[in-house]
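Trainee: Listed below, chain by chain, are the residues.
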Amino acid sequence: MSSYRTFLSPLLIALAAVAAVSCSAQGEVPDLERRAQEINRSVMCPVCPGESIDQSQHPLAVQMRGVVDEKLREGWRDGQVKRFFVERYGPSVLLEPPAQGVHLAVWIIPPVGIALALAALYLVVRLMARPRSGRAESIEVRMSADERGEYAARVEAALLADDRRDAGAGR
Amino acid sequence: MIVDAGALALPIAMLAAAYAGAGSLLGGWRRAPALALSARYGFYTVPALLAIATAALVYAFVSQDFSVRYVAENSNRAMPAAYTWVAFYAGNAGSLLFIAFVFSLISVAAVRGLASKLKQTAPYSTGLMALTLAFFLGVITFLANPLERLPFIPPDGQGINPLLVHFGMFIHPPMQMAGLISVALPFSIAMGALLAGRGGRDEWVDIGRAWGMVSWLILTIGLLLGSWWAYTILGWGGYWAWDPVENSALMPWLAMTAFVHSIMVQKRRGMFRGWNIVLVTVAFTLAQMGMFINRGGPVPSVHSFAQSTMGWLFLAFMGFTLLGSLAAFAWRMNTLKSRESLDSMLSRESAFLAQNVLFLAVAFATLWGTVYPVISQASQDVTITVGEPFFNRVNGPVMLALVLLMGVGPLLPWRRATWLLVIKALRVPIGAAAVTVAALVVAGVHRPVALAAVAVVVIAVAGIAHEWARGTRSRHRKGESYPVAFGRLLSGNRPRYGGYVVHLAISMLAIGAVGSSFYEVQRDFSMEPGDSRSLGRYTFQYVGFDRSRYSDRDEVVAEFAASVNGSDLGSMRARRSFYREFRMSSTRAAIRSTPLEDFYIVPSEFEEGGRAVFRVYVNPLVWWMWASGPLFALGTLLALWPKREPAPSKLPAPARPETARA
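Those protein sequences? They're chains A and B, same order as listed. Going by the numbering used here, the first residue of the first sequence is number 133, and it counts up by one from there. Going by the numbering used here, the first residue of the second sequence is number 15, and it counts up by one from there.
It should be emphasised that the hints constitute simulated quantities derived from the structure, not laboratory data. Computed from a predicted model, the values in this text were never measured in an experiment. Hints may be right or wrong, so weigh each one.
[Said to hold, decoys possible] Here are some of the chain B residues that sit facing chain A, going by a computed Cβ distance under 10 Å:
id: 1; residue: 250
id: 2; residue: 252
id: 3; residue: 393
id: 4; residue: 402
id: 5; residue: 407
id: 6; residue: 507
id: 7; residue: 618
id: 8; residue: 622
The C-beta atom is built at its ideal place from N, Cα and C for all residues, glycine as well.
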């Protein structure tokens, strides 16, 4: 018990402090602004590849942020705002690929692949770990220095023979 | 004069590397040590020749010799003098030369070690490194020569991309490029052993692991520096956006992380011999993919500074490597039998294997998301964007599982564990995690994902701390003082405890990522000079602004007086510059960083009268991400540090008739 109390308490105090602080500031962001940020982060700036309109400093991105803000104030729902941009700039304006039609593949393949890989791992490990009979658990040998030297020389000779065979196969 | 000497050194270096590659492989294959030796000495001349070429290019930049086309394209008189020293890797041709130079240096260092330790393997490994280098030098000499002259001398150059004018320019691009190319070292060492027919002996493991970890560390630091750079200059309060180029640097890192773990199993138990070669081949392929995407690949990105049309050459080189490796693997398959077999599902070995699979899963999901836009464009003629939300959702859960595995795996014994033993070992870490989660819930954290992430991190950290505490205390009881006991504990098993230090660094990264992605607060404020606003515990007054005009840019610096909970933080300055030539803005955020949170102000736009829009963030725990950097280095070096060999017992010197036979 005492072994982890020593390091646990400062950790907990720090974490709780962080949590309390960040949560207090989070409450300060008005709902509309938070929704706007969420949308901004999911819409790509059409002229600055790879950047969301939230990230980008481009005038078009600034203007699009303004549009998001305006539409939300008018009472549009988040989905409507996104659709508005899709109608204007095409589906590639959304950073998240659509989860419908053929594009379902982009979403489905990773989890299916991971599941298959894990299943394969399970099978391989099970196959490899099948207990073999007649295998000694551990062998302990005590040797004198002379015996050890002789043993090493024999091992060397065996390895050398192995090398020759390999070299023969490589030719 | 100097430039001409450099231009002459380039083709000679290319020929030397090509000779070294061909001679070395042939020397290994035909068992002709004299040829292999000559090739190796030829290889040693390449770094010297490339040093001349690189020095010539730097000289051309520093002396502003605009008669050199590449200098004229990537610098101008107005740029800060310090940056003329590093501007040579700002574009495609120069960055290729930089890669080739760095690679020649580290590969010669690796070859020297290999030649003395692994006599049979070294010619093959040297040959592979030299051929890789020859490829780069061929591209430089024939297609992207940075020392090529213009037929006329322009009065001024076009200038450097303004996004590159940042302190990070001195360290991030070199690290990133060196990291990607350094993956070729463990690859060549492993593949050389395979080609030599000695993949089934574990003699290559120590040196392969060492260079693998060096490469891993360089990649890690490169990624961290890149994130830190993005955080301070791109002005969106973030550090990672799953952009194609970011992904292309992350993928080899993921595969290398799998490799440096799995190689331990071969070191300790003589298993996974084929698997390790597969892993390092995957890592090298992904590194080549990274270079391909970086150089005018098909995917649009913010980071494509070195755009060119030669991306396809790199793709071809990658395909060649991959096919060649597959062929070598098929040919030498029979030499790769494991010394031992797995004893149990529940063991350190299978934990390592699970870790490998999960890391590869993240790498392939990332690869899939990165190339899907190209696939959909080609197959359905529809442009689709696969961005941040996709990667967070697909990779997030797997990464969570990996952090959990990072906590549990090291507690499992080699060979075989029982559930009882696992539960006993996990009692303390899980107890700590449960208490932490309970405390967080009471404090007002309710997001399930954040709680789960904190829980797995606490399990990892508590497991390490518990083991260190126990080990130190038991040494202390034998009469060592606490610091000595702790130091001796760490140096007693360096691979293990170095790994623990790296795991702590990963935990810091994870905590930073959780804090900043789930609890970041962002607001835009439109302010007149003199206005005061507050966000969270922070109050800040927009004191005023200062507009100045430089030869290449217009700059506005806004000054703030900030305070936290009423105590003064002094003044903070945020900057926005507009580069006229490039029609591009760059910002520099004002950041007040503490371990608890970052307070971050970045100007979005300035209006004429001084009214301005500022974006302000309170970003919890980001500090921990940058602070993890030194720990990564420390832990990796600790794990790498060679053990002092015990005095060798006297063995009869074996006769080695091979050399005579050849």
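Trainee: So, for every hint listed, does it hold in this structure?
Mentor: The hints, checked one at a time:
1. 250: holds, 4 Å
2. 252: Result: holds, 7 Å to nearest chain A Cβ.
3. 393: holds, 8 Å
4. 402: holds, 6 Å
5. 407: holds, 8 Å
6. 507: Hint on residue 507 (chain B): violated, closest Cβ of chain A at ~20 Å, above 10 Å.
7. 618: Holds: closest Cβ of chain A sits about 7 Å from residue 618 (chain B), inside 10 Å.
8. 622: violated, 16 Å
In this structure, the earlier hints numbered 6 and 8 are contradicted, and the remaining ones agree with it.
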